[in-house]
Amino acid sequence: MPKSDTFVSVIAAFANDEAVVDAFLADITRLLDDNYTHYEVILVDDASTDTTVFKISTALTKFPHLRLIRLSRPFGRDIALTSGLESAIGDYVVTLIPRTDPVALIPKLIEECRQGKEMLFGVRATGDAGSLLRRWAGEFFYFLTETVFRLPLLRHATYFQVYSRQALNAVVRIKEKGRYLRLMSSIVGYTNRTFVYQPVSAAAETERGWSDSFSLAVGLLTAHSANPLRAVSVLGLFASFLNLLYALYIVAIYVLKPHVAEGWTTLSLQTAGLFFWVLLILTVLSEYIGRILGELKDRPLYFTLEEKNSSVLIPESDRRNIVTTSPE
Amino acid sequence: MTPASFDALIVGGGFYGCTLALHLSRQGKKVALVEKETQVLRHASYANQARVHQGYHYPRALLTARRSHVNYRRFINEYADCVDEKYTAYYAIARTGSKVTAQQFRTFCSRIEAPLAAPSPAVRRLFDPVLVEEVWGVTEALFNAQRLAARLTQALEAAGVVLLLDSLAQRVFSKEDRLHVELESLSQTRSVSAAQVYLCAYAQMNHFLHRSGLVPMALKQEVTEMALVEMPEVLKFIGVTLMCGPFFSFLPFPPTPGLHTLSHVRYTPHTAWQEGPGQPPRAFPERWPATHVVPMLKDAARFIPAIKEARYQRSLWQIKTLLPASETDDSRPILYWRHYGLPGLTCILGGKIDNVYDMVHEVDLA
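From first to last, the protein sequence lines are chains A and B. For what it's worth, my numbering labels the leading residue of the first sequence as 590, then goes sequentially. For what it's worth, my numbering labels the leading residue of the second sequence as 317, then goes sequentially.
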């Protein structure tokens, strides 16, 4: 098969993945080399503490067209992949997690992108792992996103995605600090399609604990939907209206009844009710204020420690002591 | 037959070697210059972006910047017939990935007293507003290496410097208080002697030291590529430098009218190796590697979409020699080492042409 002239960028996010580095680099390089004249592989290291960086650095002297971006501390997969997206130069850009995503699908996906789809989203074929309770919590979350928040969140969506240059330019223009690539990609629109695939290993997807999952869910919802705020406004309005009715009722009792001594229960009830609403409102507001604060700080999304490129030495047999090509 | 004995012998006919030869002969010394090519200024002095630095380029190395700014006027005045100021240079700051912000760059320029001008709206529109934070127009001359070579050859001949072209300096050795250099040309091998030998051979310096049985210097050698491209009409008479990180710059190339040099921090270096004590110099590649012009253009077009229309012509390849210290802080100091291994042997390694005055000053101090 003749090689395609399309320039392909592949962005892979690593976080303590020493076990898969060598095999991944060998696979991806062979695959891209066989199919494309021009390509680059951007390896983002999310501050690994194992030998991931060492292994990648060694590979830079062995394989051409690699680029390593090292983040200064762990920023998470979304930010790690974003740092790659912001400097990718390809006509088509693939993001993936080396531990789970099968690289062999790439040529087929890119071909489909070329046929007119601007974006392709990967979806796991396997369902959620974990306990029954955990799965129910997941179901509840997806139920909320669909009905209350109306977010186009794909169930079992992964980071295995393909962008055309046009779609990528749109994604890079979104400067929000709260980054959820799996959501952002569908927010920018463009023609897209999902593809279902079998992950190489299910291990990486189940690592997230309860508290991580919860903060991810809250962050994701507040970042992309103003619906909770709207709901709180409606609730607040409704509560104050009730309060007004209640006040009228108290006034009416005071005017109409000669002896009002037994007011303690009612008063406590009212206070308790009001506090319930007020606290609820505060909770939601604090979420949003936190988010606004994050956006206002205007700090960079990520900090890079260093960037390194392939530097493959020319074999010794090709060398002699004279430079033959002189200018002109 | 040329005499075989001189006061000073200079190895390497680049801009530094030629300037030093002229300078020493003006002091009344009998000087010879050895160059392995048939003309002077054929390698690093030719295959570069021809920028006469005003200092804008070094926002993270204030000393280098200030020296550049001072030397700039001097160079422009001395070589008025070899410089081209008839284009507009623009410096731009990238929004992500830049090591300096627009604000820092502005402060830096006012500190070295280098003026910045706001660009016209038409020029600003050439740049992607999301990826590029700010753009300024500046005056920064380009030198024409061919004209510079012609002028220097003339001056060298007029000053009575003996030009030993097409001759490779093989090695140097010391005998009876004088230095002897073996020269090899197609027809013959001979030896000339001098009281002082100045080694200005840039990338070939360590090879010469190694052949002379001396310890090679700690240097980094880098195989670099600059693409020569034909720019679309809107970019024909401008040059752009995107600061300050893994970005690119393109400038008109005076020796080939109509073509720009395009260089990219990420893609210009192809491969590199270290030389130094215990690490003998490596032979240079016989063939240059496959061009990086495609990624250079792809990346540049993200910031300046008009670059999509650029047409690639060919590449200029060069071995670039760096001092280990200048890698991280971006400065380009001159290396000046007297009595390197042998009394009377001086090694000189310059980073950029306009710093030549600092070198001459250093030689006078000796």
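Derived from the structure by calculation, the hints contain no laboratory data. One should not assume that every hint holds.
As the list claims (entries may be wrong) - Simulated crosslink set (DSSO-like; lysine-lysine; CA at most 27 angstroms straight-line):
1. 592/A / 668/B
2. 624/B / 706/A
3. 624/B / 764/A
Taking the hints in turn, this is what the structure says about them:
Note on residue 592/A and residue 668/B: the hinted pairing is violated, with a Cα-Cα distance of about 41 angstroms set against a maximum of 27 angstroms. At most 27 angstroms may separate the alpha-carbon atoms for a hinted pair to count; residue 624/B and residue 706/A meet this at roughly 23 angstroms. With a CA separation close to 25 angstroms, the supplied pair residue 624/B and residue 764/A stays within the 27 angstroms bound.
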